[in-house]
Each structure stands twice: as C-alpha cells, then as structure tokens.
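J.: Bring the two chains, given one by one in their own frames, into a single complex with the hints.
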Amino acid sequence: MASVSATFVSFGCSFNQTKCITAGKNCTISLGMRNRTLTAVRFPRLRVSCSAKPETVTKVMEIVKKQLALNDDVPLKPESKFSELGADSLDTVEIVMIMEEEFGITVEEDNSQSITTVQEAAELIDKLVAAKPDQPASESEQKSEAIS
Amino acid sequence: MRRGCSVLMLEQEGTSVINKGKECTAFPENRLLRSLNFQGEDISDSIVAVAFMRRRVFRRDMLQPVGSAVSRRFSTICSPLPLPHRREVHLWYIKPEEINDSSSQLKHYMDLLSPCEKAAVSSLTGHRLQKYAILARTLARTTLSRYYDGIVDPGSIKFRKGLHGKPEIMRQDGDNITKPPIQFNLSHTSSLIACAVALETPIGIDVEENKRKTAKNVLSIARRYFTISEVEYLAAITCPDFQQKEFIRLWTLKEAYVKAIGRGFSGAPFKNFTIKMGSDKRAPKIHIEAGSDCEGLTDNCQFALMELNKSHVVAICMERDQEISGNQNNLLRLKVWRTIPFIEDELVSGMETLNYICGLT
Numbered sequence: 001m002a003s004v005s006a007t008f009v010s011f012g013c014s015f016n017q018t019k020c021i022t023a024g025k026n027c028t029i030s031l032g033m034r035n036r037t038l039t040a041v042r043f044p045r046l047r048v049s050c051s052a053k054p055e056t057v058t059k060v061m062e063i064v065k066k067q068l069a070l071n072d073d074v075p076l077k078p079e080s081k082f083s084e085l086g087a088d089s090l091d092t093v094e095i096v097m098i099m100e101e102e103f104g105i106t107v108e109e110d111n112s113q114s115i116t117t118v119q120e121a122a123e124l125i126d127k128l129v130a131a132k133p134d135q136p137a138s139e140s141e142q143k144s145e146a147i148s
Numbered sequence: 001m002r003r004g005c006s007v008l009m010l011e012q013e014g015t016s017v018i019n020k021g022k023e024c025t026a027f028p029e030n031r032l033l034r035s036l037n038f039q040g041e042d043i044s045d046s047i048v049a050v051a052f053m054r055r056r057v058f059r060r061d062m063l064q065p066v067g068s069a070v071s072r073r074f075s076t077i078c079s080p081l082p083l084p085h086r087r088e089v090h091l092w093y094i095k096p097e098e099i100n101d102s103s104s105q106l107k108h109y110m111d112l113l114s115p116c117e118k119a120a121v122s123s124l125t126g127h128r129l130q131k132y133a134i135l136a137r138t139l140a141r142t143t144l145s146r147y148y149d150g151i152v153d154p155g156s157i158k159f160r161k162g163l164h165g166k167p168e169i170m171r172q173d174g175d176n177i178t179k180p181p182i183q184f185n186l187s188h189t190s191s192l193i194a195c196a197v198a199l200e201t202p203i204g205i206d207v208e209e210n211k212r213k214t215a216k217n218v219l220s221i222a223r224r225y226f227t228i229s230e231v232e233y234l235a236a237i238t239c240p241d242f243q244q245k246e247f248i249r250l251w252t253l254k255e256a257y258v259k260a261i262g263r264g265f266s267g268a269p270f271k272n273f274t275i276k277m278g279s280d281k282r283a284p285k286i287h288i289e290a291g292s293d294c295e296g297l298t299d300n301c302q303f304a305l306m307e308l309n310k311s312h313v314v315a316i317c318m319e320r321d322q323e324i325s326g327n328q329n330n331l332l333r334l335k336v337w338r339t340i341p342f343i344e345d346e347l348v349s350g351m352e353t354l355n356y357i358c359g360l361t
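Line by line, the protein sequences give chains A and B.
Just so we're aligned, residue 1 is where the first sequence starts under UniProt numbering, counting upward by one.
Just so we're aligned, residue 1 is where the second sequence starts under UniProt numbering, counting upward by one.
For the record, the hints were derived by calculation from the structure and aren't laboratory data.
Misleading hints may appear alongside valid ones.
To be verified - Derived contacts from chain A toward chain B, CB cut-off under 7 Å, selection only:
#: 1; residue: 74
#: 2; residue: 75
#: 3; residue: 79
#: 4; residue: 84
#: 5; residue: 86
#: 6; residue: 94
#: 7; residue: 105
#: 8; residue: 106
#: 9; residue: 107
#: 10; residue: 113
Stated by the list, open to error - Calculated cross-link-like contacts (lysine to any residue; reagent style SDA-like; alpha-carbon spacing at most 20 Å):
#: 11; chain 1: A; residue 1: 59; chain 2: A; residue 2: 130
#: 12; chain 1: B; residue 1: 95; chain 2: A; residue 2: 86
#: 13; chain 1: B; residue 1: 213; chain 2: A; residue 2: 106
#: 14; chain 1: B; residue 1: 216; chain 2: B; residue 2: 245
#: 15; chain 1: A; residue 1: 59; chain 2: A; residue 2: 83
#: 16; chain 1: B; residue 1: 213; chain 2: A; residue 2: 130
#: 17; chain 1: B; residue 1: 131; chain 2: A; residue 2: 74
#: 18; chain 1: B; residue 1: 271; chain 2: A; residue 2: 108
#: 19; chain 1: B; residue 1: 271; chain 2: A; residue 2: 74
#: 20; chain 1: B; residue 1: 276; chain 2: B; residue 2: 356
#: 21; chain 1: B; residue 1: 271; chain 2: A; residue 2: 111
#: 22; chain 1: A; residue 1: 65; chain 2: B; residue 2: 212
#: 23; chain 1: A; residue 1: 81; chain 2: B; residue 2: 129
#: 24; chain 1: A; residue 1: 81; chain 2: B; residue 2: 131
#: 25; chain 1: A; residue 1: 81; chain 2: B; residue 2: 95
#: 26; chain 1: A; residue 1: 66; chain 2: B; residue 2: 127
#: 27; chain 1: A; residue 1: 66; chain 2: B; residue 2: 216
Ideal Cβ placement from N, Cα and C applies to all residues, glycine included.
Chain B on its own, in the form it takes in the complex (with noise of 0.2 Å):
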C-alpha cells in the first residue's frame, strides 16, 4: 500500500480546494487517503515515474478515483515557499521508511544527483547506506529548489564545497536567481534525514536518536574530547539515564556548531570550545576556549535543540545576524516540514511532534 498525494494539490469534490503554494497544516482528507487501498501495485510509482519523465502537471482526468470521490492532482515541482525570516529556521525531514526500498522513487531521485554525486552514493557500502544518501541528496536539491519559486530544477543546482569542506550553493553565472544567498545544512541518523535551512546566515544541523546509546561510558568519552566544564556537568547529573541523554544534546550541539561554522568535527576540535546548555527560558551558550588553536571561531551564535518525533533531537546553530542587534538570549524561530519529495509535504506542529527543549520561541 502505498500512500502518496501533495497536500498542496489535494482536492475533494465539492469542496474548497487547499491553496496551492500556501503552507497548510495536515487536513484529514491527508489521512483519509493514506488508508485507502490503492488499485493494482504502487500505483504511485508509475504516476511518480512518468511524472519525473514528463516533468508536468496530471490533470485530474488521467487519474482513477478511488473509493469515495476523492481526486488527486500531483505536482512534479516542489510547492514554492518565501524565504525564512531573518532568525527563523525552516527544518525539511524524510523518514526513510516511508520510502520503499524496492519503489522506483528511489531510482528517479537518483536522477536528480549530479555524476559526483552519484559516484559519491555507488562508492557507499551496503544498499541501506546508498538510500539514505540518495534521499540526503535528494532533500537537499529539492528544499532548496522551493526557495526559489519552484523556478530552478531540482536537478540543476550546482553545489561545492567551502574552505573547509561544508558543502553550499554554487552559483552560476547567468543564474536568472536575484533572491538572497540561502544557507543550508544538511544531517542524517537512524531513520531520519534533516535539511536546514536560513536566510543568509551560516547554519548547522545535527539529528540523532535521543537514546543513542554509545560503547564507552559517555564521562569517559566526555573527559577525552569535551571541556572540563562540560565534563563537570555531565558528571554532577546522577541520574545515568538522564547523563547519557544531555551527553547526546550536547554532543549534537558542538557537532552543529562546528558544522555551522563550516569546520566540521575534524577543523573544530570539541575541546576548543564549550556549550553551556540551556533551559525551556534560555538557549544554550558558547564559550570559547583560551588557546591558539581556538583562532577562527566565533562565538556570535545561536543554537536551538527540540525533539522531533519523540524519538530524535535536533541540535540548530546559527551565526547571529549581524544586522539584528539583541542580548545572547534572543530565541530563533522555526518551522518543521516532514517530506516525501515530489509526492507530499506536511506541515508539522504540535507536541506529539515537535517538543522544544530550548532556545527556541
């Protein structure tokens, strides 16, 4: 069974149609279709599959009906948004289940990767690897394509890499492209796939599963990599269920500095720097280390950390705006949208979801 339909395009008879290009929440007709029964094997497989090919809108004539009189419009361009607000974040996720291994999505993804990229995915070990690449590629092609009015193909956009490898936009020369530059970062674990995006302003993303758990005790692997003042935290928590969960936050924390950055965990050392971690009232803090070594880094930055899912969290940093002036405390904004490229897109809100643990507003 499969379930596919854009929330953008989706229509019922005799009622208001969801306005195209407008964010919109997940309406029940949304779930209404994903447990119907769909008529004969992935059907929307083949209607994904010539849609890639003809790269155009279906008409609603092309398509069966299936139970009650509810039609489906897909779209093969990626619904248009604006841009995010200065200090807003638009967070983009897949969840690789919900992708069949065996569909031929994948393979019509893979269309989009440039041949690096593509040489990049067949050089991965095992086919669980490759798909989380392809759909890491994928993400990222097609989040950045609605930023720009649904203009610029997915497949199009060149990237490169920056001074110390973070990857970002290339832009080209003849680009029709005049809105501002976009900054994005992209982040994968166990079954999720993030892709963070901010206006202007350098950003990082690291996801992970909330109760990762790791070989070695994680004091040990604090002592050998974090500050004393972090160790000095983590070791005051008694609790070692609670311990090995703000270990995590605060490792994908300095995992999304570094990355905001554009350093990495290999041109950023962890002990270079310290993250005081924040509360439900106030986000979390960097500190930077004494010591050459600590040359290049800022501190004017911003992080943010929820739970996604349940199940995930997700560490943001973002350079501060230098245009907007404001004490350490400021809080970003952010928008959460769970995506099947090309197929559906939903708006995510609400505590089950969503639950911000700090600096966020």
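With the rest of the complex left out, here is chain A (with noise of 0.2 Å):
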C-alpha cells in the first residue's frame, strides 16, 4: 500500500538535503533541491499525518535504521510500524532508549508503550523537546541548520 505523509510533500522545497527516501515498492519520491520540484509522484492519494519536524523524522528513522540494520533498500516510511520493520521489544525498548539520549529527553513508560511507528516517535519526541525549559535557543539552532 503506497501512501506518504504530505509533511514530506510541502516541506520538500525547503529540505536540503538530497536524501532519496524510497516509499513503497513501487514508487519513490525523490525530495531535493535538483530542481526545486517534486519528481514522479505516483502515489494513488496523499494522506495529511505527521505533524513532527522532518529532522526529527529523518534523525529517528536513522535510529531505527541502525538498531535493526536494516539495508539501504528497506523502504523507511514515517508510517512505518516498528513490528513491519522486524522490531522486536527489547528493540523497541532500545530505540527509545537511543531517542531519549539523541534529544536529551525522558519518554515516560506510558508513552513508550504508544510508539508503534517512526511519526509517532517523532511527534512525542518534538512534543518532549518543546516541553523542555531552555526550548527557543536549541530550536533555533537546529532550524538554521536545516536551512544552511
């Protein structure tokens, strides 16, 4: 089933890195500033979801992507459920681990047991992020370095 999240879709014009991220076995979307558009969409319909920082998606999916070795060719999704992607519970239970570490945050057990895709984790972690006292300066940093 192919669907992206449309997050991906409207910030891919400001996105700069020329990441590939395949979605789905059929389709890609290439997100670059190659030419400032979107190539070969060919997605049946487009689903308006994740509401997280697309650094934060890319940050956790690279996470994932390290705790259960998956290939270059595995499709990573923001929709992607940990369990489709081989995850078991002791690796769930590191990834979150690894997230805590990587955003400076503490995800209490009740949420940890929420967090079924990599949007999911994303959306706790900026919710966490915000939440923490000294927020505007790191916020910032991190906005000009996506931007640069």
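T.: The following block contains the structure:
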C-alpha cells in the first residue's frame, strides 16, 4: 500500500538534503534541491498526517535503521511500524532509550508503549523537546542547521 | 540439493516401516536421505507443489528411487499427534534457513494463509521479514492441525485476537472439533521460529539468540525497565558475558509471561513484576509488585528455560492448571520437534540440541 505523508511533500522544497527516500515497492519520491520540484509522485492518494519536524523524523529513521540493521534498499517511511520493520520489544526499548539520549528527553512508560511508528516517535519527541525549559535556543539552532 | 522426507512415512525396502502417527526420533535412514543428491532441480519442490494442489498421499511407484533402494512416501497432511498432557508443553520449531528462499514451498505455504494474514505479510518490509511471517503462520496452522487428528485442514483454521490482542483459535459453529481447547503461542527471532502448544492453559513463549548483543548497556536497560530486585541480581554478576546472558534470559522469561497472560509488552510493563531466576533444581518464580498498575496480573504460573541448538534461549510460561495442586516447584515436561511443514518432522532430544536450564523435568 503506497501513501506518503503530506509533510514530506510540503517540506520538500525547503528540505535541503538531497536524500532519496524510497517509499513503497513500486514508487519512489525524490526530495531535494535538484530542481526545486517534486519528482515522480505516483501515489494514488496523499494523506495529511505527520506534524513532526522533518529533521526529527529523519533522525528517528536513522536511529531505527541502525538499531534494526536495515539495508539501504529497505523502504523506510514515517508511517513505518517498528514491528513491520522487524523490531521486537527489546529493539523498541533500545530505540526509545537511544532517542532519549539523542534528544535529551525522558519518555514516560505509558508514552513509550504507545509509540508504534516512526512518525509517532518523532511527534512525541518534538512534544517533549518543546516542553523542555531551555527550548527556544536549541530549536532555532536546529532550524538554522536545517536551512544552511 | 534438497532434503525432503517425512520421517513418519519413510520406508526402506526390506525393513519395517516407521509407525505412522507415532512420534519417532531421527533415524539413520533420515540422515542418509539428506546426503543423497536428488535428480534434477528441486525435485521435492515439484512433489510438494503437486501434493499441495491435489492434497493426497503419493504412492511409492510415483517416485523414482534414488541411489540405493530407498523409497519415500510424502504426506500432505501433518502427522497427527495426541494432545499434550497437563503440565506438558509441546514445542515445534522451524529453522528458516532450511527452507529455500526461491522455492515454491513458500508460495504454497502462503496459500494456507487467510486473506488477513496475506495482507499482513505484504505490509512487511523486505523479503526476509515476509518469509519469516509466512513461516510463522504456517507453523501455527500446521502445528495446530496435528492435534485434531489431521481432520482439520491447516488452511481452514480461523484465528482471532483475544481481549488484549493475543492470537487464539476461533472455534466456529458446526465444528466437529470436540477435543478440549488447545492453547498456543508463537515467537520468532533471527534463524528460529517457534510455536508452543499446551492443553487448555494459556501459554507464552519467547525465543532469543543467546548471544544477542544490545546497543545499550544491559544494566542501563534493566534500570529503565526491570524491577529493583532484578537490577540488583544483574548488577551482582561480575562477569560481563554472563551478565549479558542472564539479562537476555530474564528478558525472555518476562516476555513469555506477558505473552502467556495475553497482554504483551505494551499491556503489562515489565516494572510491574519480578522474576527470580531459577536453577537446575528450581523453576523461576514470579512476584507481582504492589501498585494499582499491577491489577489483573496473576502470579499463578510456572516458567521454564532452556537452550536450543546451543544458539537460542527459549523461555516458556504457562498459567498453572487449577485442577492440579502442587507446590511452586513443580516442573514442566517438554517435547520438542524440529519441522519443515509437510516435508519433515523430527522429534528432538539429547543434550546437543536441548539444554534444560531450569523449570523442566
């Protein structure tokens, strides 16, 4: 089933990285600065869903990819469920702990049980990071890094 | 080269046949067949393919004898078995590497799956995960059909999710299944897929590579997710390798428990109960921590731990049978089979393959 979050589509133009994200077996969507437009969108429908920052989503994907030792050809999407990527409960626990370390947050027990997709993890991270007392400075630092 | 023979149907001319339907260990003839080269490519695939379509037992004269006068007869039904006794667990496992990725076997296993299961397989990322999922569902279906005297077609078993999402058999109206309900649970990890079966009492199983390494230090994971007593137990272990091993064993025991009670990891946080590791004379014990989160958690269950093929740790948790009284140190009995569904079953025993750690007799 091929679908992509609207976030990726809308952030495509300001998203500086020329990463190619494979989303689904038969469809690819390239986001990047090559021609400042989206290329080859062949999905039957788009779904507006993710409200997390793209850099958060990317970082979560990197953590997940490393923890589960996923090959580059494995399609990794924001909606990817950890279980569908082959994560067992020990993997999920480690992913949560690594995310806590990388983002300097603490995920509560009941929250950690409810994270099942990359997207949900990224949204929760953004929420927890925003709730941190010294947030404003670090958030703008992240933004300037993304734009440069 | 493929090996494919049903141990139960194996015949060697001039010698008596192995009894159908009875458990049997791997005979020397079995190993002989494995070393023979089959004529043509994937000969057993074509036999399996036709068998799946026609669903009948082949006659001996349909097969070319290979090498010496050894002939094979394949069955397309799973060898029926008597039900496990109370406090006995039957464990069936598949080694995925024994099933060729490109073989037609996988496609035929896929045919057994329900539309829901097929959709779930397709949603998985990558061929390896899909293969494991197909094999896991096939293992569940073929294993369960054995306990219904081969009357039930593995492809016709219907499953549903329990209250907290645990898969269970759905009995339908008009079923002529009169036998007591069978409980089962599946687990898989790298290079092993296992299905545990018990009579009536809920069961949970978890398997893990015994040498599994964690990205995070095990004590840090334990501090985050285990109880204080468990952390103390692990922290007191000075040898890092043994500490890693005990962590994995404790993890699998806890996982087996939450699966047995049907809640899974998200439904029963690990901090709510302590498992005290057993020894060769004593089964592991569970203690439920005090607190409102812990309501509904039972401590009326027994545990077993063993090492399989020197590569995997297997933890089993079974809710205690109400009809049998006994002290908490009662041990579980276990029977283990390695299987390639519809192709080969092997009753496994011996220290090389099975190493009981605790909780088993």
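J.: Work down the list of hints and note, for each, if the structure agrees.
T.: Going down the list of hints, with the structure as the test:
{"no.": "1", "hint": "74", "in the structure": "holds (5 Å)"}
{"no.": "2", "hint": "75", "in the structure": "holds (6 Å)"}
{"no.": "3", "hint": "79", "in the structure": "violated (11 Å)"}
{"no.": "4", "hint": "84", "in the structure": "holds (5 Å)"}
{"no.": "5", "hint": "86", "in the structure": "holds (5 Å)"}
{"no.": "6", "hint": "94", "in the structure": "holds (5 Å)"}
{"no.": "7", "hint": "105", "in the structure": "violated (13 Å)"}
{"no.": "8", "hint": "106", "in the structure": "violated (10 Å)"}
{"no.": "9", "hint": "107", "in the structure": "violated (10 Å)"}
{"no.": "10", "hint": "113", "in the structure": "holds (4 Å)"}
{"no.": "11", "hint": "A:59 x A:130", "in the structure": "holds (16 Å)"}
{"no.": "12", "hint": "B:95 x A:86", "in the structure": "holds (17 Å)"}
{"no.": "13", "hint": "B:213 x A:106", "in the structure": "violated (24 Å)"}
{"no.": "14", "hint": "B:216 x B:245", "in the structure": "holds (14 Å)"}
{"no.": "15", "hint": "A:59 x A:83", "in the structure": "holds (18 Å)"}
{"no.": "16", "hint": "B:213 x A:130", "in the structure": "violated (33 Å)"}
{"no.": "17", "hint": "B:131 x A:74", "in the structure": "holds (15 Å)"}
{"no.": "18", "hint": "B:271 x A:108", "in the structure": "holds (13 Å)"}
{"no.": "19", "hint": "B:271 x A:74", "in the structure": "violated (34 Å)"}
{"no.": "20", "hint": "B:276 x B:356", "in the structure": "holds (17 Å)"}
{"no.": "21", "hint": "B:271 x A:111", "in the structure": "holds (15 Å)"}
{"no.": "22", "hint": "A:65 x B:212", "in the structure": "holds (18 Å)"}
{"no.": "23", "hint": "A:81 x B:129", "in the structure": "holds (13 Å)"}
{"no.": "24", "hint": "A:81 x B:131", "in the structure": "holds (18 Å)"}
{"no.": "25", "hint": "A:81 x B:95", "in the structure": "violated (25 Å)"}
{"no.": "26", "hint": "A:66 x B:127", "in the structure": "holds (19 Å)"}
{"no.": "27", "hint": "A:66 x B:216", "in the structure": "holds (13 Å)"}
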